[in-house]
Amino acid sequence: MKDSKSGLTSGELQMAEMPNLASVILRNLFRSPAGIFGFGLTIIILICAIFAPVLAPADPLLQNLTRATILQLPNLDHLLGTDPLGRDILSRLFYGARTSLLVAGSSVATAVLLGMVLGSLAATLGGWCDRVTMRLMDSMLAFPLMVLAITISVALGRGPVGAIVAIAVVNLPTFTRLARAKTLKINQSQFMTAATVMGAGLLWRFVHHIVPNMINTIIVQTSIALAFAVLMESALSFLGLGIQPPAPSLGFMIAEARNFLTLAPHVVFFPATAIFLIVLGLNLLGDALSDTLDVRKER
Amino acid sequence: MSARWLFRRLFDLVFVMWFMATVIFFLLRVIPGDPVLMLLGMDQVSKEAVAILRTEFGLDQSLLSQYFLWLANIITGDFGVSLRSGIPVIDLVRSALSVTFVLAMFALLIGVALSIPLGIAAARRQGRMTDLALTTSALFGISTPSFVLALLGIYIFSVTLKWLPVAGYVPFLEDPLEALRHMVLPSIALGLVSAGILMRMMRRSVIDESGEEYVRTARAKGASEFKVFYGHIMRNALLPYMTLVGIEAGILLSGTVITESIFALPGLGRLMIENILHRDYPVVQAAVFVITAIYVLANFLIDFLYTVLDPRIKVK
Amino acid sequence: MDNKLPVVEVSGLRTRLKSRNGEIDAVDNVSFQLQRNERMALVGESGSGKTITALSIMSLLPVNGRIVSGDIKINGRSVIGLKLSELRRMRGRDISMVFQEPMMSLNPVHTIGKQLVEAIRLHQDLAVETARSLAAELLDRVQIPDARNRLKDYPHQFSGGMCQRVMIAMALANRPSVIIADEPTTALDVTTQAQILALLDEICIEDKMSVIFISHDLSVVASFCDRVAVMYAGRLIEYGPAEKVFEAPRHPYTKGLVGSMPPIDHDVDELIPIPGEPPDLLQLDPGCTFAPRCKFKESRCLKSRPELELVFPGHYCACICWDRLNPN
Numbered sequence: 001m002k003d004s005k006s007g008l009t010s011g012e013l014q015m016a017e018m019p020n021l022a023s024v025i026l027r028n029l030f031r032s033p034a035g036i037f038g039f040g041l042t043i044i045i046l047i048c049a050i051f052a053p054v055l056a057p058a059d060p061l062l063q064n065l066t067r068a069t070i071l072q073l074p075n076l077d078h079l080l081g082t083d084p085l086g087r088d089i090l091s092r093l094f095y096g097a098r099t100s101l102l103v104a105g106s107s108v109a110t111a112v113l114l115g116m117v118l119g120s121l122a123a124t125l126g127g128w129c130d131r132v133t134m135r136l137m138d139s140m141l142a143f144p145l146m147v148l149a150i151t152i153s154v155a156l157g158r159g160p161v162g163a164i165v166a167i168a169v170v171n172l173p174t175f176t177r178l179a180r181a182k183t184l185k186i187n188q189s190q191f192m193t194a195a196t197v198m199g200a201g202l203l204w205r206f207v208h209h210i211v212p213n214m215i216n217t218i219i220v221q222t223s224i225a226l227a228f229a230v231l232m233e234s235a236l237s238f239l240g241l242g243i244q245p246p247a248p249s250l251g252f253m254i255a256e257a258r259n260f261l262t263l264a265p266h267v268v269f270f271p272a273t274a275i276f277l278i279v280l281g282l283n284l285l286g287d288a289l290s291d292t293l294d295v296r297k298e299r
Numbered sequence: 001m002s003a004r005w006l007f008r009r010l011f012d013l014v015f016v017m018w019f020m021a022t023v024i025f026f027l028l029r030v031i032p033g034d035p036v037l038m039l040l041g042m043d044q045v046s047k048e049a050v051a052i053l054r055t056e057f058g059l060d061q062s063l064l065s066q067y068f069l070w071l072a073n074i075i076t077g078d079f080g081v082s083l084r085s086g087i088p089v090i091d092l093v094r095s096a097l098s099v100t101f102v103l104a105m106f107a108l109l110i111g112v113a114l115s116i117p118l119g120i121a122a123a124r125r126q127g128r129m130t131d132l133a134l135t136t137s138a139l140f141g142i143s144t145p146s147f148v149l150a151l152l153g154i155y156i157f158s159v160t161l162k163w164l165p166v167a168g169y170v171p172f173l174e175d176p177l178e179a180l181r182h183m184v185l186p187s188i189a190l191g192l193v194s195a196g197i198l199m200r201m202m203r204r205s206v207i208d209e210s211g212e213e214y215v216r217t218a219r220a221k222g223a224s225e226f227k228v229f230y231g232h233i234m235r236n237a238l239l240p241y242m243t244l245v246g247i248e249a250g251i252l253l254s255g256t257v258i259t260e261s262i263f264a265l266p267g268l269g270r271l272m273i274e275n276i277l278h279r280d281y282p283v284v285q286a287a288v289f290v291i292t293a294i295y296v297l298a299n300f301l302i303d304f305l306y307t308v309l310d311p312r313i314k315v316k
Numbered sequence: 001m002d003n004k005l006p007v008v009e010v011s012g013l014r015t016r017l018k019s020r021n022g023e024i025d026a027v028d029n030v031s032f033q034l035q036r037n038e039r040m041a042l043v044g045e046s047g048s049g050k051t052i053t054a055l056s057i058m059s060l061l062p063v064n065g066r067i068v069s070g071d072i073k074i075n076g077r078s079v080i081g082l083k084l085s086e087l088r089r090m091r092g093r094d095i096s097m098v099f100q101e102p103m104m105s106l107n108p109v110h111t112i113g114k115q116l117v118e119a120i121r122l123h124q125d126l127a128v129e130t131a132r133s134l135a136a137e138l139l140d141r142v143q144i145p146d147a148r149n150r151l152k153d154y155p156h157q158f159s160g161g162m163c164q165r166v167m168i169a170m171a172l173a174n175r176p177s178v179i180i181a182d183e184p185t186t187a188l189d190v191t192t193q194a195q196i197l198a199l200l201d202e203i204c205i206e207d208k209m210s211v212i213f214i215s216h217d218l219s220v221v222a223s224f225c226d227r228v229a230v231m232y233a234g235r236l237i238e239y240g241p242a243e244k245v246f247e248a249p250r251h252p253y254t255k256g257l258v259g260s261m262p263p264i265d266h267d268v269d270e271l272i273p274i275p276g277e278p279p280d281l282l283q284l285d286p287g288c289t290f291a292p293r294c295k296f297k298e299s300r301c302l303k304s305r306p307e308l309e310l311v312f313p314g315h316y317c318a319c320i321c322w323d324r325l326n327p328n
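Going line by line, the protein sequences match chains A, B and C.
The numbering used here puts the first residue of the first sequence at 1, with every later residue one more than the last.
The numbering used here puts the first residue of the second sequence at 1, with every later residue one more than the last.
The numbering used here puts the first residue of the third sequence at 1, with every later residue one more than the last.
With the rest of the complex left out, here is chain A (with noise of 0.2 Å):
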């Protein structure tokens, strides 16, 4: 049964149409304003972000203390000022995006994954192995989150890894969980059923009909994550334990510039409304996603 709204359809969502899902996905996010804004907002960012070395104007790293050239306000060499340290602030902020990004990305890419496999195993193999994983993830969760990120950050010492593994932890339990639960439900249908007689792998049976059943709800939970990562990420920078100084993270910016609140606003507020305006864009795709994806049309 086809949906003519968004081309989707409900049921078997074979491998072979995904390629169609980006277009479909696009198509529909130019529906609603929050979408078309929310996609623009993060394209705009993963461009800076990438793209650093190539649009900022100066070297991040570069400090010049004079009391002439610290906590500058906007001006013309330095477009949004100078921080404690001399250093542009705009230049900063592109480096700064980059990190925030990639660690946000990098933790959610791994916690997707893993979660899928994880979930997808559990599911199908059942038994003790499933009760285990299950409350092994059951666990993770009773943790408060930034208590565990900050742990397990300490332990590995500070650094952009610490962070990456902290927050991939952290958003484990929701993907194993979420695949699990659609593996239950896919392996009890009946052409998986026929797949499996068929003689279908473990493997083929995951790429060719687990994944493309699950895909709808796992892109519509990872930007969700990803906005909550970042989040995360700049908490993370703002005490300390993520990317380590002098290298350009946004949370850091913030910290270092805290006591200088009351002197010069500009240099705490410009990296956070960075931060903010990353997470405003993927809260906004997020949403326009979970409303194109209709979710419930998955089997």
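Honestly, the hints are just simulated from the structure, not real lab data.
For each residue, glycine too, the CB sits at the ideal point set by N, CA and C.
Any given hint could be a false lead.
[As the list claims (entries may be wrong)] Here are a few chain A residues that face chain B, going by a calculated C-beta distance under 7 Å:
# : residue
1 : Gly126
2 : Phe143
3 : Met146
4 : Val147
5 : Leu263
6 : Leu280
[As the list claims (entries may be wrong)] Distance condition first, Cα-Cα at most 30 Å in a straight line; then the derived BS3-like pairs of lysine-lysine:
#  : chain 1 : residue 1 : chain 2 : residue 2
7  : C       : Lys152    : B       : Lys227
8  : B       : Lys227    : C       : Lys83
9  : C       : Lys18     : B       : Lys227
10 : C       : Lys4      : B       : Lys227
11 : C       : Lys208    : C       : Lys4
12 : C       : Lys73     : B       : Lys227
13 : C       : Lys4      : C       : Lys244
14 : C       : Lys244    : C       : Lys208
15 : C       : Lys244    : C       : Lys297
Chain A is already provided as a structure; the job is to place chains B and C on it using the hints.
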């Protein structure tokens, strides 16, 4: 409500507590850095001095035996002694707990108090200006890190308007008014983000329930709009909302960590962060354990409440 | 009460629905009368406007619907322009409605008893205990065993058929003059269907209650109703005594409907469905709305809309070819 269900949930509770205690213990031990060396300073210290202190702290025993000892002590409520100050950890935790608890409670209260009426308002005027304004505000709220909101609040209310203090803590019993003044900004900074998430959920819940068939039946019976809304729609809409409140409680608790840092509130989060750098294991372990325990308990309560309110949940 | 006064009188009702793409007349100039103790069927395909007609009578239209013209009188009293508080007083007391999905039509978090008591106490000033006893009696009447104890149960503990019985009980609670049943058995299995119909039959006879029975299934309607009104694309196209409409339909659409049903007493070689599809109400052509699918159409049919005319005593038809149809 069957005893068996209660028993199973309690068992789950204990299991989770044990699990997280274990994770906390071993995670911390993974961190490089020796607390004794940190205490004595990295200068030339005699091996004997190090050894003596290690024995005193029980750090010379094998990791496993330290672990079991710690577990056993927790059950009796003995969290050990701070490696740095020698103060029994339980005292440190107790005073910090009240601060964190109050902060989290206030924040949750603000979140719930804002989200329910605003969510209802947005749902009832769905698609119109009010709804758009409210939904956008909620979106902005959840897209802002709580520490940014905190700093914004400080800038506006403390630095510019000078209405509220920048940071610090005053115990309630000493001076209630001052205590409140110090708590206002931190609670609001934390609470606003929750309000955003919760408001979206309330709005969605109300919209979904309003479209259900039983609402039409109620109207067909001749019930007033008031009765239809509060007796039927809200009664159902509150259920998924409540579950989210439970999850939010956890997010709030973690949020207190940063908020306490910014506002210099001597709570569990601050205790944890300060001592993590000094590798003061007992303190950090205890702080993390207590925070997590509160979260687990809160969710347990919410689950319980849910089974009471939703008759469809079969407690087998 | 004057026995000649129709219980429900609909005159020239026009109800408009607003959608993203425009406005449609979901109910277009519909008129009929329901007498005391009479059972009327409202049949048609989905989208023909039957449910909207019922919702208009109950003044339970969705937010995007409104009555633009016409009158509806219940027990002689016009409900158009009535204050909301007055309307509420009539709903459940003068007129009740039973809906299609019984399990979804009951509040999942309230007990059956609570919902029944609510229905009762909204219109009768009774103490809670008295209302509960009455509720138990009602459940008894709709043949739910162990009525008193089942008051404590929740809807999810009941089957679909039992939920529908509860809905009927709620509808009867205040002895209304008329009950509207909107596809009450469509969501149920065949055996339960028969039981519910038998129950309704019994109750209507006992209480001398009038019924408007909405369905797309003619076989269900044939045995139960006295009069039949057939709707197509929002208009009433045939209206008359049940046997006459079924045995000798005068409108090509009705003939098609009757002909597409498998007869229960003999075999036929093939079922003849009506070719084509219902029209898009947003873009209606001038002329008869059924013309595109009609095999009797003439040039006249495409130019002007046929009105309902009296073709036999008590039997109306909105087709100029009514006399050419061979009764089969």
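Of all the hints numbered above, which does this structure not satisfy? Sort the numbers upward.
When the structure is compared with the hints, numbers 1, 5, 10 turn out to be violated.
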